[in-house]
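Start counting the sequence shown at 1; every next residue gets the next number (our numbering).
Everything labelled a hint here was simulated from the structure, so no lab data went into it.
There may be inaccurate statements among the hints.
Stated by the list, open to error - Calculated lysine-lysine pairs in the DSSO-like style (CA-CA distance at most 30 Å, straight line):
#1 K123 - K102
#2 K84 - K57
#3 K57 - K67
#4 K39 - K57
#5 K172 - K137
#6 K172 - K39
#7 K57 - K105
#8 K67 - K83
#9 K12 - K57
#10 K83 - K102
#11 K83 - K12
#12 K105 - K123
#13 K137 - K83
#14 K67 - K12
#15 K137 - K102
#16 K67 - K49
#17 K105 - K172
#18 K83 - K129
#19 K39 - K58
#20 K49 - K123
#21 K39 - K105
#22 K49 - K39
#23 K123 - K137
#24 K84 - K123
#25 K84 - K129
#26 K67 - K84
#27 K129 - K102
#28 K102 - K84
#29 K83 - K123
#30 K123 - K67
#31 K12 - K105
#32 K67 - K39
#33 K12 - K39
#34 K172 - K123
#35 K67 - K129
#36 K83 - K58
Unchecked claim - Simulated restraints on C-beta separations:
#37 E20 - I61: 52 to 62 Å
#38 G68 - K102: 47 to 57 Å
#39 R79 - Q100: 35 to 45 Å
Glycine included, every Cβ here is placed at the ideal spot set by N, Cα and C.
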Amino acid sequence: MLNPRLAGRYAKSIIGLATEQNQLENVYQDMLLLQAVCKSNRDFVILLKSPVVTPDKKEAILQAATKGRITELTAAFNRLLIKKGRESVLPEIIDAFIEQYKHQKGIHTIRLTTAVPVSEELKQAIIDKIQTLTPMKTVEMETVVREDIIGGFLLEIGDTLVDASISYDLNKIRSQFLNNDFIYKIR
1 MLNPRLAGRY AKSIIGLATE QNQLENVYQD MLLLQAVCKS NRDFVILLKS
51 PVVTPDKKEA ILQAATKGRI TELTAAFNRL LIKKGRESVL PEIIDAFIEQ
101 YKHQKGIHTI RLTTAVPVSE ELKQAIIDKI QTLTPMKTVE METVVREDII
151 GGFLLEIGDT LVDASISYDL NKIRSQFLNN DFIYKIR
């Protein structure tokens with residue numbers, strides 16, 4: 001069950017507590033670890049959302065999976081979620097935390113989609129260009145490889161999409177031919 005308002009509230013509270021205790025960076029690393037666990041292990045997320053598994057079992061499994069890898073603050077937060085019966089919202093809380101953390105730190109995430117993997121030099125050149133052309137000073141890049149775009153790239157910066165892919169150009173030409181844009185109409 002998606003509950004973005006609840007996830008946002010919990011994320012805001014853990015950010016506030018972590019900031020107060022000067023552990024924000026450590027908790028951010030914990031959340032990245034938990035996000036990786038949730039994304040790589042579908043059964044873990046199903047377990048968290050299962051009403052059949054008792055809260056004690058969920059707590060034991062969560063502690064076993066993260067023992068020695070997360071801070072005590074994050075472990076206490078996880079225990080609180082289980083105690084309140086909100087463990088099913090943990091993946092959404094993690095995403096909300098990371099989003100709020102990046103917003104607070106002024107980190108912007110861009111997504112580059114290409115047909116083939118790109119080199120680190122090209123990634124850095126794109127980040128440098130974006131930093132000089134926009135007010136964004138801290139930029140993270142996610143890269144996605146999709147062969148269906150044939151060539152070129154798609155660049156998502158916030159709500160803006162720059163489509164410089166060959167598949168876009170081919171579709172545009174196809175629609176022009178279907179609309180008969182190249183045929184003069186004779187009366």
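Results of checking the hints against the structure:
1. K123 - K102: Roughly 20 Å between the alpha carbons, so the hint for K123 and K102 holds.
2. K84 - K57: holds, 15 Å
3. K57 - K67: holds, 15 Å
4. K39 - K57: holds, 21 Å
5. K172 - K137: Violated, at roughly 34 Å.
6. K172 - K39: Roughly 36 Å separates the two Cα atoms, so the pair is violated.
7. K57 - K105: Violated, because 36 Å separates the two Cα atoms, which is more than 30 Å.
8. K67 - K83: holds, 18 Å
9. K12 - K57: holds, 27 Å
10. K83 - K102: holds, 28 Å
11. K83 - K12: It holds: about 19 Å lies between the C-alpha atoms, which stays within 30 Å.
12. K105 - K123: Holds. K105 to K123 sits at ~21 Å (cutoff 30 Å).
13. K137 - K83: violated, 40 Å
14. K67 - K12: Between K67 and K12 the Cα gap is close to 24 Å, so the pair holds against 30 Å.
15. K137 - K102: Holds: K137 and K102 sit about 12 Å apart, inside 30 Å.
16. K67 - K49: holds, 21 Å
17. K105 - K172: violated, 40 Å
18. K83 - K129: violated, 48 Å
19. K39 - K58: Satisfied, since the Cα-Cα distance of roughly 18 Å is no more than 30 Å.
20. K49 - K123: violated, 38 Å
21. K39 - K105: holds, 24 Å
22. K49 - K39: Measuring from Cα to Cα gives roughly 14 Å; hence the hint holds.
23. K123 - K137: Holds, at roughly 15 Å.
24. K84 - K123: violated, 43 Å
25. K84 - K129: violated, 47 Å
26. K67 - K84: This hinted pair holds, its Cα atoms lying about 21 Å apart.
27. K129 - K102: The hint holds at about 20 Å.
28. K102 - K84: holds, 27 Å
29. K83 - K123: violated, 44 Å
30. K123 - K67: violated, 35 Å
31. K12 - K105: The given pair, whose Cα atoms are some 14 Å apart, holds under the 30 Å limit.
32. K67 - K39: holds, 19 Å
33. K12 - K39: Within the cut-off at roughly 22 Å; holds.
34. K172 - K123: holds, 28 Å
35. K67 - K129: Measuring from Cα to Cα gives roughly 42 Å; hence the hint is violated.
36. K83 - K58: holds, 10 Å
37. E20 - I61: 52 to 62 Å: violated, 29 Å
38. G68 - K102: 47 to 57 Å: Once the Cβ atoms are compared, 26 Å apart, the range 47 to 57 Å for K102 and G68 is violated.
39. R79 - Q100: 35 to 45 Å: violated, 21 Å
In this structure, the earlier hints numbered 5, 6, 7, 13, 17, 18, 20, 24, 25, 29, 30, 35, 37, 38 and 39 are contradicted, and the remaining ones agree with it.
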